Amino acid sequence: MTVYTATHWGIYEVEQGPSGPVLKGHAKDPDPSPIGLAMVDAVRARNRVMRPAVRRSWAEKGPCAAPEKRAAEAFVEVPWDEALDLAAAATKQLIAEHGNEAVFGGSYGWSSAGRFHHAQSQVHRYLNCLGGYVRHSESYSLGAAKVVMPHILGNMDNLFATHTSWNVLEQHCKLFVAFGGSPAKNGQVNPGLVGQHMVRIGLQKMQQAGTRFINISPENTNLETGGEVEWIPIRPNTDTAMLLAIAHTLYTEGLHDSGFLARYSVGFDQFLPYLLGTSDGVAKTAEWAERITGVPAQRTRLLARELAGTRSVVTMTWALQRAHHGEQPPWALITVAAMLGQIGLPGGGFGFGYGTANAVGNVSPRVSGPSFPQGRNPVDAFIPCARIADMLLHPGAPFRYNGRDLVYPDIQLVYWAGGNPFHHHQDLNRLLQAWRKPKAVIANEQFWTPAAKAADIVFPVNTTLEREDIGYSAHERYVVAMRKVMEPVGESRSDYDVYSALAARLGVEAAFTDGRTEAQWQREMYENFRAKYPRLEFPDYEGFLQAGMLDLFQGEPSHVMLAEFRADPAGCPLETKSGRIEIFCETIASFGYDDCPGHPTWMEPAEWLGSPKAERFPLHMVSDQPFTKLHSQLDHSAYSKANKIHGREPVLISREDAGARGIEEGDVVRVFNDRGSCLAGARVSHRIRAGVVKLSTGAWFDPSSWGADKTLEKHGNPNTLTLDIGASSLSQGCAAQTCLVQVEKYGGELPALTAHEPPQFARP
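Numbered per UniProt numbering, the sequence shown spans residues 1 to 764.
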């Protein structure tokens, strides 16, 4: 019998070797990710949280002592009961004094492919049993798009699930134009598990079938097809201007599909005066765009003609909306696609995220899989995901979001599980200041990440390899019986065990556990899932465990996004207010936001290469996903470390910019701006535009001193430098890609790296 486990990097077959489990890629996966193969050694690393740990002030003075010392003092390892008692006492005290509106339940949800041991579900169920918590909406990945796209096109989750499949693109697409590339490295993951990695294979098959590729991006490592790709270097954060110029060319040269616009969209006539410049005196011509984007006007006009002249897809990576005014690029993209009139045709239209996650273009059955119920949250308060530092620093301050006027809650207790805010968030020096405001921070963690080091109580929890679970993703074809393949390291327990013990101390154990063990919950989840689909004839739970995996469908499915809408716009309307594509959106216009008007608009970002600030900081830093890890997960693995330079994350810099600064391949450099500075290893390349550097995310935050202000970060974490503002009043999304820096060769003695070391421990 084959034994399986699963992660968001894929399904792995497990064999037991002389020194423990050995993982190999699933036999039916055509392009398995190597990231998860490094898990076994990583979970045994010396930076595992081995025992419950309490910050020394809490150990000596009791709950809520000295929050200003958070992350700057030693921990004390204590017995489980002592740590649980402390956490329960602090929780009870703070809820009694401040109410559940003072509790923030933080989790980013990437913790496990398993649907039971899913950190987000576990912590939210626990907090709901206590009376609720302040939640976050959207994500760092899609903060702007998740808010704007439902207004102009429809629900994002439904769009992702129905993107035109790779096999249809292979057969019908003649021109694939990618703003920001289509990075197969990002397609290594899904929320939940990955069954079959399709991005690299899909791009290669399209190339072999004769599809022509154009990559419009500041760098050209993010679209690999196995063949020729035309690269159009563009200034970061200026894609909206280029798309508007394409739209201007399409209209003025009569290349737009007026019939499609009339039948399937609303608001083009209201957008047109802005496009032609009759409303603001500035026609959005290719020459106008050239001054902004750096792309020659002649090439932009030719691209418009090429798109109109053949079956084409214009697509965009998610990174482009992680910027100031990040709502505008996808809105402009949809507008161009509507003008081309190919939406709903095989191999035509648009995409938003091909390559960004394996799910996009990977057709799967739409079934509701096993899930652990979170219960109901009685607390109505929430924040947009990327506004956590604002919330902690400015309780009671007003903010605007998607047509609503809201107020930041006054948070006194943060319970964090399944994520690392000192990776995801921007301007980490500012976040550290904010992190010391609440009276208590409790974390469930597997490793001594920066977030764990910045907590008051840390509970050691299991990894995927140390527990049983049911693996599933809404975008994949397999349901997996994930088996426990090694014993828990140290004194680690499951999240369920931790919350059950806390719930017992707080009088809500029955509500949290519902009288079930972990095994009983998993059986219940599977049988509820099975009962919803009697026609699929799934085996019973024992049969599922014996088989190890369910395949939800056979054959070679395909899908064309919005084909039903194109065939019958009245009978299959979009999930927008008008039921059609909203080029001008009356709802958004009615909000009256100066930073997000009612149609796609070019607005200068707070920082970009055309701004005065570029005189001091002349390089635009982009911070994409690394290929060696997901976000910061397994940064300490051998696979991740092998890509580092002198132990630091590499920064990609053009030959021109490196030469001007006396920087050579392999040098350690200092990357800096007014917000902070970090060390990184130089990787000199001709594959990045002059004036741009790329420092991928994921290096664990490693400041020279946790107590000093804006201290040198030693490890190459780009969020030491990124801008912590909302994309706009509409979404308040992450604006990490709006960031100017300077780079210089580092001449000092290299400081010792401590990112992957455990914290200091004091005697109890």
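Keep in mind the hints are simulated off the structure, nothing from the lab. Bear in mind that the values here come from a model prediction, so they are computed numbers and not experimental data. Worth double-checking, as some hints may not be accurate.
[Unchecked claim] Ranges between beta-carbon positions, derived for each pair:
1. Arg-44 with Ser-705: 26 to 32 Å
2. Leu-302 with Gln-433: 47 to 53 Å
3. Glu-665 with Lys-532: 52 to 58 Å
4. Ala-72 with Pro-764: 18 to 24 Å
All C-beta atoms, glycine included, are put in the ideal place defined by N, C-alpha and C.
Hint by hint, here is what the structure shows:
1. For Arg-44 and Ser-705, the Cβ-Cβ distance of about 30 Å falls inside the hinted range of 26 to 32 Å, so the restraint holds.
2. At about 50 Å, the CB distance of Leu-302 to Gln-433 agrees with the hint of 47 to 53 Å.
3. For Glu-665 paired with Lys-532, a C-beta distance near 56 Å keeps the hint of 52 to 58 Å intact.
4. Distance hint check for Ala-72 and Pro-764: the Cβ-Cβ separation is about 19 Å, which falls inside the suggested range of 18 to 24 Å.
In summary, the structure agrees with every hint in the numbered list given earlier.
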